[in-house]
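Asks: What follows is each chain in one-letter form.
There are 2 protein chains.
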Amino acid sequence: MINSNIVQTLIDTLGKDSILTHEEAFVRPASVWRAGENLQCKALARPKSPTEVSEIMKICFANNQTVVPHGGLTNVVGGVKTSIDDIAITLERMNVIEEIDLRNKTVTVQAGVILQDLQKAVADAGLLFPLDLGAKGSCMIGGNISSNAGGLQALRYGVMRQLVLGLEVVLADGTIISSMNKMMKNNAGYDLKHLFIGSEGTLGIVTKAILKLEDAPKSRNTALVGLNSFENAIDFLHQAKKNLANTLSSYEIIWQDYYQLMTSSPSTFSPPLPQNYAYYVLIETLGQSPETDTTLFQNLLEQSLENGLIDDAVLAQSQQELDWFWGIREKVEFVFSVHKPVFLFDVSLPITEMENYIETIKTNLKNEWNDVAFYAFGHMGDGNLHLFVSCGDDDEITRHKVEEIVFMPLQPIGGSITAEHGIGLEKKAWLHLSRSEEEMALMRMLKNTLDPKGILNPNKVV
Amino acid sequence: MINSNIVQTLIDTLGKDSILTHEEAFVRPASVWRAGENLQCKALARPKSPTEVSEIMKICFANNQTVVPHGGLTNVVGGVKTSIDDIAITLERMNVIEEIDLRNKTVTVQAGVILQDLQKAVADAGLLFPLDLGAKGSCMIGGNISSNAGGLQALRYGVMRQLVLGLEVVLADGTIISSMNKMMKNNAGYDLKHLFIGSEGTLGIVTKAILKLEDAPKSRNTALVGLNSFENAIDFLHQAKKNLANTLSSYEIIWQDYYQLMTSSPSTFSPPLPQNYAYYVLIETLGQSPETDTTLFQNLLEQSLENGLIDDAVLAQSQQELDWFWGIREKVEFVFSVHKPVFLFDVSLPITEMENYIETIKTNLKNEWNDVAFYAFGHMGDGNLHLFVSCGDDDEITRHKVEEIVFMPLQPIGGSITAEHGIGLEKKAWLHLSRSEEEMALMRMLKNTLDPKGILNPNKVV
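Sequences listed follow chains A and B, in order. With UniProt numbering applied, the first sequence covers 1 to 462. With UniProt numbering applied, the second sequence covers 1 to 462.
Think of the hints as simulated: they come from the structure by calculation, not from any bench. It is possible that part of the hints are untrue.
The list treats identical chains as interchangeable, and a pair is accepted whether it falls inside one copy or across any two copies.
[Said to hold, decoys possible] Okay, derived cross-link-like pairs now, DSSO-like style, lysine-lysine, Cα gap no bigger than 30 angstroms in a straight line:
no., residue 1, residue 2
1, Lys81, Lys58
2, Lys16, Lys447
3, Lys81, Lys340
4, Lys241, Lys120
5, Lys241, Lys58
6, Lys241, Lys218
7, Lys362, Lys105
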């Protein structure tokens, strides 16, 4: 039944070039993270324009055909998962940067543009597109919008939601909603774009966007800091926000266990600071005034060392040292080479709760498994931590037990089970911890309104 | 039929103290702007809690009773207009600041808190709530959220949408949606708050919010600048954004006609700069490093004078001078004492289009009326201009003609008929200029989903 009627209809309408059959699509990967896992789908549509996306959706809507939008396939929560019954739509051919408007500081970009390509084009034009994350070489702008990506500079420039000015979306029934607003302020009716940002392709398919650009930074200051008190890490963050003339762009916390792992053999990184501090902070600024920015940065470090707010600090003084410091924070794939299998989490919580939260999880994990590995680090400045847990197995019962330990303590402190990654398929069972029954009902109501047949990214999120 | 059954039901349920009858409500004003215009309504409900708002809505929903949410009654587009058939709900008794969280920099606030009171309480606690606008002494936080207020410092700190972290809302059927998120990043399911921010009370009644706080500024630098070229005003803005270490908080443009009006008798303001410049810019920074901030600010002015980017500049060097400079920009009520009646507009457009746009309007207004008065000024840094037009009459035909002249040129340049004020009743007829048929249909679909009986702020926006 694979080569069913609808696939032929799509081929007849869009041309053979735009529709890959199940067999043709199967040679492609299902995810950039899992080499060897092939794409399973009824067909893979490769539209070249919003009109083609609309045509595809009209046909699928008429046939009650489920559709899964695909960008760079970097999602880590099953948000792009397909079955043999789904039609996948990849935005990869809609990859044109349509306009970089230097005077109004905006870029108009199709959904299939790869983040790194956009960063480069904007930088070549003398400006900055500030979204930055590990998957930038693969992830696409449409996916960044659908998943409301965060990343490494959200502290300074905001998450994706704050960078989107205008949006074009194709609804489940093929309607094209063009809200291509270029303005900072617009109160003319409901701001529809927010429905689609962060809703993981369940309410519409993002096809185009107008994004805010920033001035290219002229200064970058980076240091790795060692601290023995989490309270001090909070105070140091507050001091950094106050005293760095709004240049603070990253404030990344690393718990000792992760630091030790990343700076000990077989890791190739040596430790820039001794391995005995309880916490490490990678602090970075991006600014416009090199001299002033550096002075303020170094003053902050010196004063914080003097008054005992921080215990140690080392500046990155070359590109090599930048790569080294950032590598320790960012090269998380190293964890997977040492431990297998690994459960990966991405929670947010008030920074005042972080210390207790991590201690609680650590204790509970150790109570359950003797030789569990547990690593914590993340965007402390954004209230967002990444957690890695490895306890030997990854069967469903183990997964559930680990999730329970990580997620349950979030509810009483008003935390969220996902700051960046989203819900996808994998976290659906826990969504009720972060959202009330009334909120869930309203989400379902919105889903039913915008996608009455439930064909858009089925079973994800709600 | 005024004292109908439903009013008695409300009294029986909530107590006499919480429900004013038509007669009791009539002594209250319908708007802070129009003294002497009395409040017309079937009854005025004064709930003390979200639960009471919910009870009221359940009764109104069951009885198909229309409801108009009221805050500080400072809306200028008919967004709080009531008829004798409506029940008004004022949030004025829900005016508690529940928590100022200094460590996480958030405030939890009920909808009826007056903006100025919130600003003061937060300042007393050593932080800043950055929303600031002319009506701050009357407007309430719930209204600021429902109308997505902008104001004088949006350039630096964002509009209200960017300041809201968590929201509690009562739906048309009385359901309480509590999304009291405290975190900067949260991707657990749809971000429901954005449905209610800026939708002018047509989708739900805001009852409580968690708002982001900022560090209190330690420096303030202000200058009035004269320029003869709009192109230079754009370049000067770009230079200010680049060279002031992110402290730029206001960039207000004033066209010559408005400057001359505000600095000539019978106005009590004398002109800080000669009256013959084509444009004036009121530029202000708020920062954390007094010495650096002032140096950068003065360097920018000196260099811009030297290289001819600006033609003249004067620094505000005392509170008196601050009041003077800002008074010229802000004391718009003076216009109403000189001209009557006055039509008031609040448009947004790309800054590169502003010069032509204002010229076009001026020409078209003069072609229509010989002695028309036309004043333009506003938040240029946000792409947002306020326009005042007075042409002798304010009958419907005149109003329509003026609106046509102001609004029609916005469509081809992708502008918006309202940046801050919203649609309310008064701009509904023109919404189609800023939004497509498909967008309007989606707005109506959302309205029907959330308010199937159309009882919430009826006939507003959609």
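Asks: If a hint holds in the structure, say so; if it does not, say that too.
Replies: Each hint tested on the structure:
1. Lys81 with Lys58: within (22 angstroms within a copy, 41 angstroms between copies)
2. Lys16 with Lys447: neither (32 angstroms within a copy, 41 angstroms between copies)
3. Lys81 with Lys340: within (22 angstroms within a copy, 63 angstroms between copies)
4. Lys241 with Lys120: both (28 angstroms within a copy, 22 angstroms between copies)
5. Lys241 with Lys58: neither (50 angstroms within a copy, 45 angstroms between copies)
6. Lys241 with Lys218: Both ways: lysine 241 and lysine 218 sit 19 angstroms apart in one copy and 13 angstroms across, limit 30 angstroms.
7. Lys362 with Lys105: For lysine 362 and lysine 105, the Cα distance is within 30 angstroms only across copies (28 angstroms; inside one copy 46 angstroms).
When held up to the earlier numbered hints, the structure conflicts with 2 and 5 and fits the remainder.
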